[in-house]
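Asks: Residue strings, one per chain:
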Amino acid sequence: MLKQAVQVCSPVWVPNRNMATLKDISIRLKSVSNIQKITKSMKMVSAAKYARAERDLKPARPYGKAAQAFYDAAEVETSDKGSHLIVAVTSDRGLCGAVHSSIVRAIRATLNETPAGEETKLILIGDKARGMLHRQHGSKILMTFSDVGKKPPTFNDASEVANQIMNCGFDFERGSVYYNVYKSVVSYQTTTLPIHSMSAVTKAKNMGMYDSVDDELLRSYSEFQFASLIYYAMKEAATSEQSSRMTAMDGASKNAGEMIDKLTLTYNRTRQAVITRELIEIISGAAAV
Amino acid sequence: MWNAGILLKADILVVCACLVLANIFKMPFWRDVGLNYVQYSQVCARVIRACLKPELRVEAIKRDEKSIRHIKWKDGKAVKNE
Chain Y
2 MLKQAVQVCS PVWVPNRNMA TLKDISIRLK SVSNIQKITK SMKMVSAAKY
52 ARAERDLKPA RPYGKAAQAF YDAAEVETSD KGSHLIVAVT SDRGLCGAVH
102 SSIVRAIRAT LNETPAGEET KLILIGDKAR GMLHRQHGSK ILMTFSDVGK
152 KPPTFNDASE VANQIMNCGF DFERGSVYYN VYKSVVSYQT TTLPIHSMSA
202 VTKAKNMGMY DSVDDELLRS YSEFQFASLI YYAMKEAATS EQSSRMTAMD
252 GASKNAGEMI DKLTLTYNRT RQAVITRELI EIISGAAAV
Chain R
753 MWNAGILLKA DILVVCACLV LANIFKMPFW RDVGLNYVQY SQVCARVIRA
803 CLKPELRVEA IKRDEKSIRH IKWKDGKAVK NE
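Chains as they are written, first to last, in our numbering: chain Y, 2 to 290; chain R, 753 to 834.
If you're looking for bench data, these hints aren't it; they were derived computationally from the structure.
Errors might be hidden in some of the hints.
Lysine to aspartate or glutamate pairs mimicking EDC-like chemistry, simulated, CA-CA at most 20 Å apart [claimed, not checked]: (1) R/LYS829 - Y/ASP148; (2) R/LYS818 - Y/ASP128; (3) R/LYS829 - Y/GLU120; (4) Y/LYS152 - R/ASP816.
Full structure from sequences and hints, please.
Replies: This is how it looks when you write it as structure tokens:
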């Protein structure tokens with residue numbers, strides 16, 4: 002009644018400050034709890050996806066280990082000069098902590114260290130790496146791959162990447178794959194894997210220890226190992242992404258919970274203040290009469 | 753190029769011819785066709801999947817999926833795929 006009277010009397014409508022804040026707080030409270038619902042369900046989804054990714058990772062690891070062991074035993078030399086091919090393994094999806102940006106940061110550091118004369122080309126798997134690198138290093142991008150991360154990576158996906166890289170015509174002397182190695186649910190590590198060019202493999206010091214290896218066999222095997230390495234890197238990256246998303250969403254839900262607690266407290270306090278004020282107004286009004 | 757999920761007679765022919773000729777001449781003939789080992793083994797895998805018993809084939813063909821797409825870049829811009 003009183004409020005209405007004030008509104009009618011005043012020439013310009015001025016909202017009652019306390020009432021408005023109360024409403025503001027309740028709107029805010031509602032939106033924060035909606036966000037918490039979303040982050041909670043995202044956490045559930047990524048927990049299910051993570052469980053599957055971790056299960057799939059175990060059989061995928063030997064692919065990478067075998068390829069590395071072969072090159073290590075043959076003592077293939079890795080040069081640190083010459084044209085460089087960088088493969089970044091990320092995905093299309095965000096909201097997963099610093100998984101993608103740590104890859105991009107590592108690549109940026111490498112690009113900054115590269116002397117001017119050396120040619121460097123980028124192969125970017127996933128939209129996130131493309132989004133972060135195309136403005137600064139667009140001219141270096143050779144190829145990008147999209148539609149990564151909706152489904153778990155398959156060997157066919159890795160084969161497609163390997164095929165496209167082998168057919169792209171860029172003659173590289175050294176190569177590295179940047180990806181995240183899955184350590185545990187809460188940790189991953191950004192690592193690089195070397196890619197060896199065909200000439201480096203044939204010139205390897207210790208290749209003689211392998212029996213009956215001719216050029217053709219070596220070439221076929223290197224091609225297969227390349228696809229295996231990519232497959233392994235994609236699997237590791239997918240698992241660390243899901244685990245990191247799980248942690249990130251867990252943190253987001255917790256933060257939202259804290260915010261809800263604080264907002265509820267403020268809401269109740271404001272509500273009480275409003276009631277007190279109204280009481281004072283009524284009482285002083287009655288006293289005046 | 754290769755139709756996923758469907759057993760093509762061409763696939764079998766390629767693989768059989770390669771196996772036979774490779775045994776005779778000790779030379780992989782798929783290399784001459786312009787395939788690399790990865791592509792060749794993909795064709796082989798597809799043929800083997802298609803040869804499975806029907807109840808196993810359904811599961812196996814699911815593993816044949818490929819979702820990734822490639823986009824070539826030139827001079828800092830994406831080039832449309834042909």
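Asks: For R/LYS818 and Y/ASP128, compute the direct alpha-carbon distance and say whether it is at most 20 Å.
Replies: With a Cα-Cα distance of about 17 Å, the restraint between R/LYS818 and Y/ASP128 holds, given a limit of 20 Å.
Asks: Going straight from one Cα to the other, do R/LYS829 and Y/ASP148 come out at no more than 20 Å?
Replies: holds, 19 Å
Asks: Within a Cα-Cα threshold of 20 Å, do Y/LYS152 and R/ASP816 meet the stated pairing?
Replies: OK: Y/LYS152 and R/ASP816 at ~13 Å, within 20 Å.
Asks: Do the alpha carbons of R/LYS829 and Y/GLU120 lie within 20 Å of each other, as the hint requires?
Replies: Roughly 18 Å separates the two Cα atoms, so the pair holds.
Checked against the numbered hints above, the structure violates none of them.
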